[in-house]
Structure formats: C-alpha cells, structure tokens
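Residue numbers (this note's numbering), protein chains in the order written: chain A, 234 to 671; chain B, 234 to 441; chain C, 11 to 243.
Rather than coming from a laboratory, the hints here were simulated on the basis of the structure. A few of these clues could be false.
FRET-style restraints, in silico, Cβ to Cβ [unchecked claim]:
| id | chain 1 | residue 1 | chain 2 | residue 2 | range |
| --- | --- | --- | --- | --- | --- |
| 1 | A | Asn461 | C | Lys35 | 38 to 46 Å |
| 2 | C | Glu177 | B | Ala421 | 28 to 36 Å |
| 3 | C | Ser62 | A | Pro460 | 32 to 40 Å |
| 4 | A | Ser577 | C | Trp83 | 29 to 37 Å |
| 5 | B | Glu381 | A | Leu652 | 47 to 55 Å |
| 6 | A | Val481 | C | Glu177 | 55 to 63 Å |
| 7 | C | Pro168 | A | Phe405 | 52 to 60 Å |
| 8 | A | Pro297 | B | Pro429 | 48 to 56 Å |
In this text, a Cβ means the ideal position worked out from N, Cα and C, and glycines have one as well.
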Amino acid sequence: MASGNRTIEVELSTTGLDAQGRPQRIPLVTKDSGAESLVNEPPRAAEPELLADHMLINIGPQHPATHGVLRLVLELDGETVVRCVPHIGYLHCGFEKIGEYRQYNQIIPWTDREDYLNSIGNNVAFALGAERLWGIDITERCTVLRVIASELSRVISHLVWVGTTCIDIGAFTPFLWAFQERENVYNLLEAWVGARLTTSATRVGGMAADIPSGWLDGLRNFLRTFPNTIDEVDRMLTRNAIWVGRTVGLGVMTPDEAINWGLSGPMLRASGVDYDVRKDFPYLDYETYDFDVPVGTNGDVYDRFLVRMEELRQSVRILQQAVGRLRDGPVNVDDPRVILPPKSKATSEMESMIHHFKQVMEGPRPPIGESYVAVESPKGEKGYYMVSDGTSKPVRWRIRPPSFVNLAAIPKMVEGHLLSDVIAINASIDIVMGEIDR
Amino acid sequence: MGLIAPPDHRTVSYIPETQEGWVATRLDFLVNWSRANSLWPMPFGTACCAIEFMATAASRFDLARFGMERMSYSPRQADVLICAGRVPFKLAPIIRRIWQQMPQPKWAISMGACASTGGMFDNYAVVQGIDTIIPVDVYVPGCPPRPEGLIHGIRMLQEKVMNERIADGRIRDEMNPDPSSQLYIPPAAINELGEPFGNSVHQNRSAP
Amino acid sequence: MTGRFEIVTAGSAASDAPAPATPKKVSHLGAPPNPTAAALAEHFPFALDRVSVIWGETVVFVKANAVYEVMQWLRDDPGQQYDYLSDVTAVEYRDFEQPLEVVWHLRSIPFRRFLRVKVQLPKRGPLEVASVWPLWKSADWLERECYDMFGIRFLGHPDLRRILMWEQYREGFPLRKDFPLRGRFSRAEQLRQALAQNPETRYSMEELTVADAFEDLPEEMRKRLSAGERTGE
Numbered sequence: 234m235a236s237g238n239r240t241i242e243v244e245l246s247t248t249g250l251d252a253q254g255r256p257q258r259i260p261l262v263t264k265d266s267g268a269e270s271l272v273n274e275p276p277r278a279a280e281p282e283l284l285a286d287h288m289l290i291n292i293g294p295q296h297p298a299t300h301g302v303l304r305l306v307l308e309l310d311g312e313t314v315v316r317c318v319p320h321i322g323y324l325h326c327g328f329e330k331i332g333e334y335r336q337y338n339q340i341i342p343w344t345d346r347e348d349y350l351n352s353i354g355n356n357v358a359f360a361l362g363a364e365r366l367w368g369i370d371i372t373e374r375c376t377v378l379r380v381i382a383s384e385l386s387r388v389i390s391h392l393v394w395v396g397t398t399c400i401d402i403g404a405f406t407p408f409l410w411a412f413q414e415r416e417n418v419y420n421l422l423e424a425w426v427g428a429r430l431t432t433s434a435t436r437v438g439g440m441a442a443d444i445p446s447g448w449l450d451g452l453r454n455f456l457r458t459f460p461n462t463i464d465e466v467d468r469m470l471t472r473n474a475i476w477v478g479r480t481v482g483l484g485v486m487t488p489d490e491a492i493n494w495g496l497s498g499p500m501l502r503a504s505g506v507d508y509d510v511r512k513d514f515p516y517l518d519y520e521t522y523d524f525d526v527p528v529g530t531n532g533d534v535y536d537r538f539l540v541r542m543e544e545l546r547q548s549v550r551i552l553q554q555a556v557g558r559l560r561d562g563p564v565n566v567d568d569p570r571v572i573l574p575p576k577s578k579a580t581s582e583m584e585s586m587i588h589h590f591k592q593v594m595e596g597p598r599p600p601i602g603e604s605y606v607a608v609e610s611p612k613g614e615k616g617y618y619m620v621s622d623g624t625s626k627p628v629r630w631r632i633r634p635p636s637f638v639n640l641a642a643i644p645k646m647v648e649g650h651l652l653s654d655v656i657a658i659n660a661s662i663d664i665v666m667g668e669i670d671r
Numbered sequence: 234m235g236l237i238a239p240p241d242h243r244t245v246s247y248i249p250e251t252q253e254g255w256v257a258t259r260l261d262f263l264v265n266w267s268r269a270n271s272l273w274p275m276p277f278g279t280a281c282c283a284i285e286f287m288a289t290a291a292s293r294f295d296l297a298r299f300g301m302e303r304m305s306y307s308p309r310q311a312d313v314l315i316c317a318g319r320v321p322f323k324l325a326p327i328i329r330r331i332w333q334q335m336p337q338p339k340w341a342i343s344m345g346a347c348a349s350t351g352g353m354f355d356n357y358a359v360v361q362g363i364d365t366i367i368p369v370d371v372y373v374p375g376c377p378p379r380p381e382g383l384i385h386g387i388r389m390l391q392e393k394v395m396n397e398r399i400a401d402g403r404i405r406d407e408m409n410p411d412p413s414s415q416l417y418i419p420p421a422a423i424n425e426l427g428e429p430f431g432n433s434v435h436q437n438r439s440a441p
Numbered sequence: 011m012t013g014r015f016e017i018v019t020a021g022s023a024a025s026d027a028p029a030p031a032t033p034k035k036v037s038h039l040g041a042p043p044n045p046t047a048a049a050l051a052e053h054f055p056f057a058l059d060r061v062s063v064i065w066g067e068t069v070v071f072v073k074a075n076a077v078y079e080v081m082q083w084l085r086d087d088p089g090q091q092y093d094y095l096s097d098v099t100a101v102e103y104r105d106f107e108q109p110l111e112v113v114w115h116l117r118s119i120p121f122r123r124f125l126r127v128k129v130q131l132p133k134r135g136p137l138e139v140a141s142v143w144p145l146w147k148s149a150d151w152l153e154r155e156c157y158d159m160f161g162i163r164f165l166g167h168p169d170l171r172r173i174l175m176w177e178q179y180r181e182g183f184p185l186r187k188d189f190p191l192r193g194r195f196s197r198a199e200q201l202r203q204a205l206a207q208n209p210e211t212r213y214s215m216e217e218l219t220v221a222d223a224f225e226d227l228p229e230e231m232r233k234r235l236s237a238g239e240r241t242g243e
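With the sequences and hints as input, model every part of the structure.
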C-alpha cells in the first residue's frame, strides 16, 4: 500500500451479499481526505495516460435489455462510452459436449433449444448437415416443407427482434403486434409438429410429420393477413422522427470491417455486403425461388432495421411460392440406413422388426467423415459441423453460432456512443444468448 | 435444517388457545388477497422459457389479468421471481444474489424443466434445479411450458398466498445457508437430487 | 427516408465459376477439390501435408508451424481472397493416439469458395498453434472459446482467457474426451465452487486500468498494465 493513500473497503450496492450474509467488498483506493468515498470519486493525479475520471459501469447479466444473460462492462466518460468489455458464458449449457453422447436424431431436440427463436430453422440446418454425412438427397416434398419451415422461422425470429428492439428503444406497442402475429405462426407449428416453440420437426432423411390436411389453407390465411402487420409496424417506425433519431448513425460497421469481424446475416448486409448463404451457397433449392436480398448502405442500426423489415416481406414472397409448388409425395427419403420401416411392417415382419430395433437402440450410423452445412438463419450464417467416426454418436458436434461472432464486434460498435445507444446497438445485433453460450 | 418441506399449509392445525379470531382471519384475507392479485414478477428469463413467458405476457394470454403485467426488473421491487430457463453454474451466484436482494414477502416460481430439475441438461454446466440454490414455491413443468401451464402455476401460487397466515411466523424466515459450504441443503442431498434419472444406459455413454 | 439498397460486394469474381446451386448427389470422396488446393500445393509445398475432399468440401492439412503464413497468403493473395473467417474450432477423436485437430473454416466472398484448413496437434506435445487474430478479427472470441473448451493456446492472441466458463474454473477443459459429461467433481462441489466464483467482483486486467483501483494493484501488475497487456487475472 503506497503511503499517503488509504485503502478502505467500500460496499458496492450492486454486489449484494456473500455466503456469510455479509456485503461484498472490493478494495478501492480513496482520497486522503479521510472521508468515506464512493466508487466514482474525482481522479487523483494518476499516470497521465490513464484516464482515471472514467466510470466503470456493469450492465447485466440480469438486465431487461440485454436480450438474455449478457454482461457488459462499460467505461464511461460521462455518458459517452470509451470502452466496452462484454462477458458471456452465463448460459453455457454444454450443448456440444452432450452432442457427443446422443444419436443424430436425438440431437434434434437440442438444436431447438440453442437458438430458440429459430427452432425449426435449426432443426432444418442440422438435418441438412446430418444428411450430408450420409450423402442423402431428400425428397422434393421434404425440400419444399423445409423451405416453408425455415421461412416461417425467419418470420417469427424477426418479429421477436422487432418487438424487443422497440421495447428497448421505448416503443411498447409493436411488441404486442409482433407477438400476436407470432401466435398465428405458433398455431400453425403446433398443428404441424405438436409444439409451439421447441419443434424438433425434422429427422435425418425427412421430417417428423407431414403437414395435416387444411394446414396449407391456414398458411395461406396467415400470408394474406401478415403483410398488414408488417405495414403497420412500418408505418409506425420507418419515418418516425424518434425512431430515426435514435437509430441512424449508430453502431456503424464499414463493409471491410464487417467482413473481417466475421459478421453475417442482416448485420453484414446492412453494412453493404451482399452475402446471403441462400444465394451464395444455396441449399434446399433456394436458387429456384424468386426473392431479393436487401442490402443496406450505412451499416447503422436503422439500416439493420430496414433490412430485417424487408426480409420479412421477402419471406412472405418465398412462402407464397413454396405453397404454390408443394406437390404430393413421400416426405421421408426411402433409405433404410436412416429411416425406420413403417410401423405395419415393423410389427409383422421379422427383419423390419430387427431393423427398427437396431435403428432405435443403436441409432443410424453414418460413414466416417465430416460435414459442414451452413444455412441462413435469421441471425446470420448458422452452421453445424459434424465429425463422424462411423458410430451412431458424433465425435464432434460444432455449432457455428452467428450471434457469437456478431456480438464479438460490439466493443467496436459502441465506442464513442452514449449509454442508451449501447442498448440500441445491442438490440440491433439480434443476439440469442442460447446460441452464443450454447 | 434446510429445505425440509414445511408443514402442509392446507391442513389447518387447530390449537384452541391460538385459534385466530374473526378480525385476524379477515385481516389475513385482505393482506393475502391484495398480495396474490398483484404479484409483481421479476422475470429471471434466460432461455426458451423466457420466450414463452413473454408470450404469456403478450396479448393472447395476457398476464395483466392477474395483476402481473408490471415486470419488475429490479429485484428490490419484485414479489415473485420467475426463473424461466436453464441456469448454468456461472449464473448460480447471480440468481442467488437476485433472490437475496428481493425483500420479503417473496415467492419463487421455477418455470420449465431446466429450472426445476436441470431438464435435459444433465451435464457439467447446468445447475440441477434451482431449488438447490433458492427456495422454490411452485414448479411449472414443461419444455417450455405452454402459457396456459405457466398461468396454472401462477394460480397455484396465488392459492398458496391466499392460504398464508400472518400469525405463522415461520413462513417469512429467510433461509441461512451453512457458511462453510454456502449450500442451503446438505451436499449429500444435492448429490442425490442431481443423480441421473431414469433407466436409460445410453445417456451418459459416448459411442460405441 | 429509405435505405438505398445497393450491392457493394458481390460474389463470383471467378468468371468461370458456375452459378451457385444446391449440391445434389454429392459424392463421398470423389468430388473435385477447390482450386485453392492446387494453388497451395504450388506455393507451400512443404507446409501442406495433404488435401482431401469429403462430401464436396475441400480439407487442407497444414503443418502447425506454417499456419500463419498459409493463412496470410490465403487472405491476401488476389487469386484466393479468403476474406471471411467463418469458424475456428477443434476436434478430438475418441482414439487417444489420433492427434487433436484445429479446424478453420474460411470463405472467400468474392470467389464464393469454402475451404477447411486443419492442423494436427499430437496430444503428447504442447497444444499450441498460431493465432490468426491479426488477420481476421473474428478469431478473437472463436479462439478464446477453443481455448476454454480444449485448452489449446493460440500464440499471439491478445487476450486468451476463458469465455464460456468462469475464469477460475478448475474442473478442466470440458470438450476433451477425458472430461466426463457430468464433470469431474460432485454436484455439491460444483455448486460450491460456482457460488464462490463471484465474477462481478473480479474485473479483468483490462477493466482495472479504468477503475480507481490502479494504485492499489501490485507493482508488477501495474507495470504490465502500463505496457498494454490485456490478458486476464
């Protein structure tokens, strides 16, 4: 302890109690005045390069506006952010480890839970990756159903984004509109796979279930009424002076920075880079659908908002085309390596029963190899990298989380902005902590 | 000591000399009724259950009917902690601290399978039930529970609140963990709660 | 006030590349490799161990000591332009004798190409490899996560500390195969350690440069901070 300085222990109101019930204390150095000091005392003469008059503010991990359990430590000069250090890992649940202990079809419920706003989209992505490990091409009907599933998933994810970003910036009503529309999609998903949120809709080689009769009419109804909600949100926000004032010019990433920082999805496209996995590395026959990919110019929060709103409209367009091209046919591919025999055969023929038993107990076994299939999730480039050693459980299941890489750029984006802008920028990244921490 | 189940609040034990009078029971009713119908939730939402919680608060399932639309993100002003989602070990001290920061009277709802028992995450990273860290009043099963399920859990909590008695001094006692171990319940009990469940031999075995 | 939707960077700089289409009937091992593989064999004949094509994806095995040069060439060469680092991860096989593989997924946006670069690290040796953070900033957190989960040190990374687990996590590196699924310690012990960690009252080196606590730090730590070091605790 240097002479002339007195170290006292200050009780910070944010740290609470330790296990013994005593307030947590951090040693801090105070002025020599002898008075009780708070954290934010004016600076002493410190090293000239250290700006000791800055405040250290901790946001989270429990916070309404961090979109999950994210902790941001900000260095503030008054109200301006000088530096930001994000801390994650508060939702780390060992997905990748568990993937090594589960058969491929058993991993599908796990894919629901990591990016829980894009559950069915993750199911599709995983099934594509697993089918690549076997070299299976899915049926025509399954392809179209998966496109419908992915685009519905994009719609509900962007609706959550719109709703929660509006709340963060201060507008509460679009949240209710967005969630009401999500209920319509939830009804559809529930009719199809039985669950609203955690769908587990795909299986390796096909889908868990085919759509029930009348489902397409429900989807057509939804597509008829949904653009009205998009227009409503658009009318409320796009030319709204408050919205524009709070979002334009915030968190700008230039195209080169965006590529170097590995951003993807609407974050990258708002910066002006035309990279969409559906167009550049297509899957599920996306090259045969007629849709546009919105690309912004400034790379700020407002552009990200515009890109996502336009993506909603484009998703509606893709869904209408997909509904038009759905034809009857088998949903599951006819490959005995991955698909169970029909129940009628499994209960009457011996070899089908044995086949069924082995598939269920041991699980389908892919050839030795690895595959990486990336899809365009609402957050960005989502990929599942699977390595197989010939057994029914993968050696490695890696989730390439778009929000994780997008969030890493937040220290770059918030420098120089105000504290409330940090919230707006954080909201514009569209993070899902489940995917970031896995 | 620890999380021993308190005597069943629904069975009223009649000890004539402490039998409460009409005023006391009416006062109880008034206090409990006002508490139960204005439980301000502290949404400790982490994962998918948080989305279903938000859907419950939205227009279709409307939590405002129960007086719970005022989400209190500051624990100091909250009544009920709704832990919606999985709680990894890194988050454990935080939920403990949030719980300690909430003033009495407070209740906790553990929403979803992961908050109640660790759910499908029986691995190195996830707390096997937040009742090993904080005392829980109502468990809502589901993965995620439907909004109707959560509302059922909230109604159960309201019933529990309605059956409280001011004269019962034990219900508002703060639990004191064993200082040397920081655990509310003894380590053996925690290990037992966290044991693998079911008879599947495949869950913890990597291939082949 | 509408955003002008104008394309700034578009793919297919390679004029002879076919229009992108959904891969169908992908062959297990026989698909043609990415042109980068041939270019690499020409430029780095001694760094390249082998090339394999699996399910249409080109995998390039590189020697561990040559990784940084290869990556730099891949990014900067005008014929390659792998400007996008998609992922950095590692694979440990169940067979102990097989080395640990560090995997980089690279994309070239102008050329619409995908490349997987792998380095094999024998488990008995030090698990170290060069960091590509100076080349792609996206490697920052990706490499931290790889360190956290596998214990692989990335030399040259500015701030290599745990990211998903808490910094004083003592059980080990979770994604290693010798780490049991449910952890090494008992549940009660894990809970005890978790409750004791209290990360909010421990700030990293970087954050401490800000706080008034600078004067109170030990001399050695102050020197390191003034020298610009940012590595954790």
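Checklist entry - Which of the stated hints cannot be reconciled with the structure, identified by number in ascending sequence? => result When the structure is compared with the hints, numbers 3, 4, 5, 6, 7, 8 turn out to be violated.
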